[in-house]
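Colleague: Chain by chain, the residues run as shown.
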Amino acid sequence: MKAIATSDTIGIAFVVFVLFLFFSQVFPKLISVITDNFSKASGENVARQLSGLITVSGAAPYKIKIDYTPTTEHTYNILMKDRTVKVTPIFTVNYAEKASSTQRFAVGLNDYEQEKVNHFVVEKNFDGESTYVFEASKE
Amino acid sequence: MFSKQAKNKGLTHTMMFILKGLFAIAIIGLLYWLFLDTILQMHVAINENTNERHAINLANVLISSEKLAYENDRKMMRGILDVDKLDEIFVRSGSFTLIPIKDIGIGYPNSLTLVRIIDLEKCNSFDICDGWIGYLSGPITLQGLSIVNFGECVSEHARADIWTIFKFFVAGPVLAWWHPLDLANCAENNIPSSFKLLFTNSQITSEGFPIVIKYPNGDMHLGRIYVLLGEFS
Chain L
1 MKAIATSDTI
11 GIAFVVFVLF
21 LFFSQVFPKL
31 ISVITDNFSK
41 ASGENVARQL
51 SGLITVSGAA
61 PYKIKIDYTP
71 TTEHTYNILM
81 KDRTVKVTPI
91 FTVNYAEKAS
101 STQRFAVGLN
111 DYEQEKVNHF
121 VVEKNFDGES
131 TYVFEASKE
Chain H
1 MFSKQAKNKG
11 LTHTMMFILK
21 GLFAIAIIGL
31 LYWLFLDTIL
41 QMHVAINENT
51 NERHAINLAN
61 VLISSEKLAY
71 ENDRKMMRGI
81 LDVDKLDEIF
91 VRSGSFTLIP
101 IKDIGIGYPN
111 SLTLVRIIDL
121 EKCNSFDICD
131 GWIGYLSGPI
141 TLQGLSIVNF
151 GECVSEHARA
161 DIWTIFKFFV
171 AGPVLAWWHP
181 LDLANCAENN
191 IPSSFKLLFT
201 NSQITSEGFP
211 IVIKYPNGDM
221 HLGRIYVLLG
231 EFS
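Here the protein sequences line up with chains L and H, keeping their order.
Its first residue numbered 1, the first sequence is counted upward by one per residue in this note's numbering.
Its first residue numbered 1, the second sequence is counted upward by one per residue in this note's numbering.
Here chain H stands alone, though its shape is the one from the complex (with noise of 0.2 Å):
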């Protein structure tokens, strides 16, 4: 009688142990769901140059691209610009005539881009050297306006649930719809880095591209393309 009891009894402690262990583990699943479900909100902010990336790639693809680039028996020579198509676009520097702004297919919407080309082999003893100089415009768009952008993103990111009315009165309207790092993302991907830049006082200094010039008598000069873009909204 007496083992009996003391056996259930062990029995009982056994149920015991194990129901804890079960209920330890089924708060950490609980904790572990609400985590990830309602807690933990993922925000993507890149902090990068856009107008420098966006001027590297622009450079690239000018002196790949058909309107400066120098073709061979249909065969484009990448690198190797074009004296008579550069004559086209841009101006001779130093000529006195007004820099033109044209539109060649290439460049960022609603930006403008300064494209500047020196000829390294004709430079006077003060190291100023021949070249052209221009604008590049790309299209103007209301889809690839900062602040629509902006907008899109803070009206994308308006939560409304149980907190909203408590947090309407304690810290305002604007609280109540948006975190400020809500915020702060939308800013940092949709704000222009030309416009940042006023604010960061950062600077980037390039060398420019590396490129080969060609004369229509057959010269080949060294140079350098430099491409400056002011993306403007």
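If we strip away everything but chain L, and leave its shape as in the complex, we get (with noise of 0.2 Å):
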């Protein structure tokens, strides 16, 4: 009788140990990886990020070439039109939102549209004018 209290104790004593590391270690660590992991992939960070990118490419005097990856892990549709860019994230995870966003930029480019990419590039070229050119592409 006393055996069997003694292991029921234990089982008890190493259930609250495993749910109290669950809880107190592995638990916050994940929640903080996956809302940072995902604050950088979602679709509104971006398409802020790539509209911001495209703005400022027009700040360099001469030539610029900016390579863009926001993740490898997962993908985006692209829709660029009327110097607006939409992102649609495609995320095979339940908990991300897979909302589109659409983002104003401030120079002129030709309009473009791709599916499934998270490789982007932006170039910015001179001859006596200034070009752009947006690029995507899957990594």
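Some hints could be false.
Label-pair restraints from in silico Cβ distances [to be verified]: (1) L:Tyr95 x H:Glu48: 16 to 26 Å; (2) L:Asn94 x H:Ala171: 15 to 25 Å; (3) H:Arg53 x L:Val16: 43 to 53 Å; (4) L:Val16 x H:Gly10: 19 to 29 Å; (5) L:Tyr95 x H:Met77: 42 to 52 Å; (6) L:Lys63 x H:Ile147: 33 to 43 Å; (7) H:Gly230 x L:Glu123: 23 to 33 Å; (8) H:Asp161 x L:Phe20: 31 to 41 Å; (9) L:Lys116 x H:Thr38: 25 to 35 Å; (10) L:Ile10 x H:Gly151: 52 to 62 Å; (11) L:Lys138 x H:Glu88: 41 to 51 Å; (12) L:Ile10 x H:Trp163: 35 to 45 Å; (13) L:Leu30 x H:Glu48: 26 to 36 Å.
Hint data in this document are derived by calculation from the structure and do not stem from the laboratory.
Just so we're clear, the structure is a prediction, and the values are computed from it rather than from any experiment.
All C-beta atoms, glycine included, are put in the ideal place defined by N, C-alpha and C.
Each of the two chains sits in its own frame; use the hints to bring them together as a complex.
Modeller: If you want it as structure tokens, here you go:
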């Protein structure tokens, strides 16, 4: 009887210990990593970064080429039209927000559409007049 | 006989102990899966003054642009503005002419930008300096309209699940389809900062960007460029 009581106590203590370890050490770290990765890879953030990079490429006096890969784990659908960029993320995880984001930029760029890409290149060339090129591919 | 019974009992308890442990681990695993798969919903709301960021970016582009910057031997001089080019696009301040609105190919869609350039070496005793002033406009597009983006955001966040019918009767049609935080996020990310500023009363003051103004006779004067952006929709 005494042995049964001891094994039960050890069992309960073990479960409590595992739960404590999980909720105090693993869980907060996990949430922090998910939040960090997701905020960088979210459609809203990628659209804002892209629109910012396209605009500031115009600040280069001669030529510039900017490579931007927000993440290699996820891909995005890109639609560029009328000085706006619409980014729709394609996430496989359920917790991530799949909503698209449309952001504005301030320089002239041709309309562009590409699906399932995560590597973006913004190029500014100058030959008497500034011209801009945008390309996207899957990495 | 007695020792065999005791051995079997001990084995049973050990097995029970292992099974209990496995059950506990399975419960934790289930909770973890439930949390990540159904309970946790990550949303990103970016709380920034988009107007100010856009104005800074635009000022950087303007001082490097061939439309305003001085060119020497086909080389663009960033930060050195050519007076001849300034006269073409803007009006001299205090010249009593209508301030023109021009589209020079640089500007955010659905926005109006007030650009003011002052010559810090041509100031009077009241510290009023000579300079140029003008409006730059961007294209008017449906794609960039905040209300369209807000509508898209709201429609993409509409959620139908087992609780929708229940929520429809308890909380009404709006809360049946959307979580209040989803609506708040859509508003945060899509309503223009210039519109939000009307309600928050927050202000950003700027000293402008330092520039050099190059006159046709070769004179170089220190100056500043101020860019104020109004994204009206």
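Colleague: Compare the structure with each hint and give your call.
Modeller: Right, here's what the structure says about each hint:
no. : hint                            : in the structure
1   : L:Tyr95 x H:Glu48: 16 to 26 Å   : holds (24 Å)
2   : L:Asn94 x H:Ala171: 15 to 25 Å  : holds (24 Å)
3   : H:Arg53 x L:Val16: 43 to 53 Å   : holds (50 Å)
4   : L:Val16 x H:Gly10: 19 to 29 Å   : holds (24 Å)
5   : L:Tyr95 x H:Met77: 42 to 52 Å   : holds (50 Å)
6   : L:Lys63 x H:Ile147: 33 to 43 Å  : holds (38 Å)
7   : H:Gly230 x L:Glu123: 23 to 33 Å : holds (30 Å)
8   : H:Asp161 x L:Phe20: 31 to 41 Å  : holds (33 Å)
9   : L:Lys116 x H:Thr38: 25 to 35 Å  : holds (26 Å)
10  : L:Ile10 x H:Gly151: 52 to 62 Å  : holds (59 Å)
11  : L:Lys138 x H:Glu88: 41 to 51 Å  : holds (45 Å)
12  : L:Ile10 x H:Trp163: 35 to 45 Å  : holds (41 Å)
13  : L:Leu30 x H:Glu48: 26 to 36 Å   : holds (28 Å)
When held up to the earlier numbered hints, the structure conflicts with none and fits them all.
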